[in-house]
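Student: Chains as they are written, first to last, in my numbering: chain U, 4 to 279; chain B, 76 to 345.
Take the hints with a grain of salt, since some may be wrong.
Claimed, not checked - Result set (BS3-like, lysine-lysine): computed pairs, CA atoms no more than 30 Å apart in a straight line: (1) LYS123/B / LYS142/U; (2) LYS123/B / LYS256/B; (3) LYS256/B / LYS142/U; (4) LYS123/B / LYS153/B.
Quick caveat, the hints were computed from the structure, so don't treat them as lab data. Model, not experiment: these values are computed from the prediction.
These are the residues of each chain, in order.
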Amino acid sequence: MNHSLVEIQDLTHTYPDGTEAVHRVSLRIRNGESVAVVGANGAGKSTLLLHLNGSLIPQNGTIRVGDVHITKATLSDIRRTVGMIFQDPDDQLFMPTVAEDVAFGPISLGLAPEEVERRVTAALHQVHATHLRDRPPYKLSGGEKRLAAIATVLAMTPDILVMDEPSSNLDPRARRALIELLAGFRQTKIIATHDLDLVLDLCERTVVLREGRIMADGPTSDIFAADRLLAESHLEKPLRLQACPVCSRRGPMTAPLPGFGRNSNPDEPEGNRARQ
Amino acid sequence: MPTIESAFFELHRLDHLAAQDSVIHRLDARIKVLIIVAFLVCVISFDKYEIAAMLPFALFLIVVLGLGGIPSGFVINKLILVIPLAVLIGLFNPIYDQQPLMQLGAVTISGGWISLFSLLLRFCLTVGAVLALIATTGFNTVCMALEQLGMPAVFAVQLLLLYRYLFVLVEEGQRLDRARKLRSFQGRGLGMRAFAPLIGNLLLRTLDRSQRIHLAMRCRGFDGAIRTCRLRRLNSRDVLVLVVAGGVLFAMRVFDGPSLLGRFVTGLLA
């Protein structure tokens with residue numbers, strides 16, 4: 004029996020210019036899991052993500068979502084199940100107002116007007132953006148655009164959320180709010196990011212990509228403890244797991260200042276601490 | 076690029092005006108579109124030497140702008156911006172058409188000058204009318220109204236996306252331009268040679284972005300048509316406004332108001 008929700012087998016993708024962005028990637032993701040996909044620029048994260056909702060069709064290998072294999076014929080089913088949040092919210096918000104944008108997906112699904120309205124209200128409420136309802140997208144701040152973009156996807160009630168750099172270009176507070184928001188979602192989450200502190204807070208599992216191949220796949224705490232793997236993959240430990248820059252420069256101290264200098268301790272459940 | 080930047084703010088201003096509330100704003104967009112179309116047809120169909128008969132239409136437009144709370148300065152600014160175009164079209168009229176048509180004291184005015192003036196007036200009226208429509212309705216609503224009145228959906232989609240991404244394009248262009256300015260000194264690097272790759276870069280970025288947008292649209296079930304929740308139903312007040320405004324426009328077109336008035340006044344004096 005197979006209990007995985009998403010199953011990628013031997014996926015290879017070569018772009019027309021000959022770049023092999025993804026090479027023989029196999030991955031299984033269970034229902035309700037939060038998985039981070041990390042790696043250097045150009046490691047193949049975005050290409051992998053684009054496959055997950057059929058924006059790219061597998062050239063070699065297969066992808067199964069639920070019981071459906073991704074092919075041209077199953078695209079509309081896949082896209083209803085897999086919601087994709089793009090890196091640049093401007094790409095995603097194309098309608099005149101936020102409410103119309105959120106309504107776009109449900110209307111395209113052919114839902115009744117009352118149901119569309121209900122979903123728009125619920126999705127905006129879920130991301131705490133009810134007040135943005137009638138605003139045009141180009142007048143929103145970066146953080147507001149991001150919330151609106153997430154609402155557009157939530158309105159389709161997907162089972163799986165795929166996100167490309169969700170925390171990029173956000174101020175620290177908007178970033179924190181986003182992390183808390185995402186932590187509250189029950190959907191299966193697949194997040195490609197360079198923000199490893201966000202991974203620490205949100206994902207119990209991390210997949211490391213390098214040059215289109217999976218270098219490691221395991222519990223986030225194990226991955227972040229493997230210094231050599233991180234260095235080889237152009238990554239750094241999350242800041243919260245690194246030594247405090249102030250204390251470590253002062254030389255050896257007998258006791259760390261309160262709140263400062265908590266050195267990395269692999270046994271300590273870091274992710275839980277930040278989630279409060 | 077002060078002109079691009081100011082044009083950008085003017086667009087925001089247009090949105091701002093459209094968000095106001097007035098008798099004109101509250102009218103259904105379809106009714107407004109129909110009235111404006113009637114207005115345009117009337118104005119365009121005048122004879123090329125006609126000036127006086129068009130003046131009631133100017134009055135009509137001024138009343139609409141007044142009711143809609145659109146500042147005259149805004150409209151005049153816009154007209155000044157586009158009037159060179161009309162001048163260009165009519166530039167040679169006075170040279171080719173020397174036939175004397177009018178005697179003002181000692182000065183003979185040729186047909187060319189009259190037709191040039193008529194053209195300018197027509198231009199101001201039509202541009203002003205479309206401006207009034209958008210400033211009291213909003214660009215997007217006008218698009219929706221046009222679609223409901225039978226414009227093919229593909230045009231509506233194009234116009235909607237054009238307006239939405241105009242802002243993104245201008246911002247992108249501004250960033251490129253700023254980056255160039257910051258690294259060019261004493262006017263070097265501001266010429267055509269630097270401009271060509273800059274504009275090419277903008278095109279490539281635009282193509283990339285359009286692909287991403289299309290992808291995002293497809294992800295949410297885009298199949299070629301943009302559906303929004305429908306506009307409200309027309310009520311009897313809307314229809315009444317359409318009939319009255321249509322009647323007024325028709326009357327102004329058929330009867331030459333100013334000359335009737337002129338004859339009436341001279342008749343009284345005689």
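Student: Now, for every hint given, state plainly whether the structure supports it.
Tutor: Do the hints match the structure? See the list:
1. A distance of roughly 45 Å separates the Cα atoms of LYS123/B and LYS142/U; the hinted pair therefore is violated under the 30 Å criterion.
2. A C-alpha spacing of about 48 Å is found between LYS123/B and LYS256/B, which places the hinted pair above 30 Å, so the restraint is violated.
3. With a C-alpha separation of about 26 Å, the suggested pairing of LYS256/B with LYS142/U holds against the 30 Å cut-off.
4. Annotation: proposed proximity of LYS123/B to LYS153/B holds, straight-line Cα distance about 24 Å (limit 30 Å).
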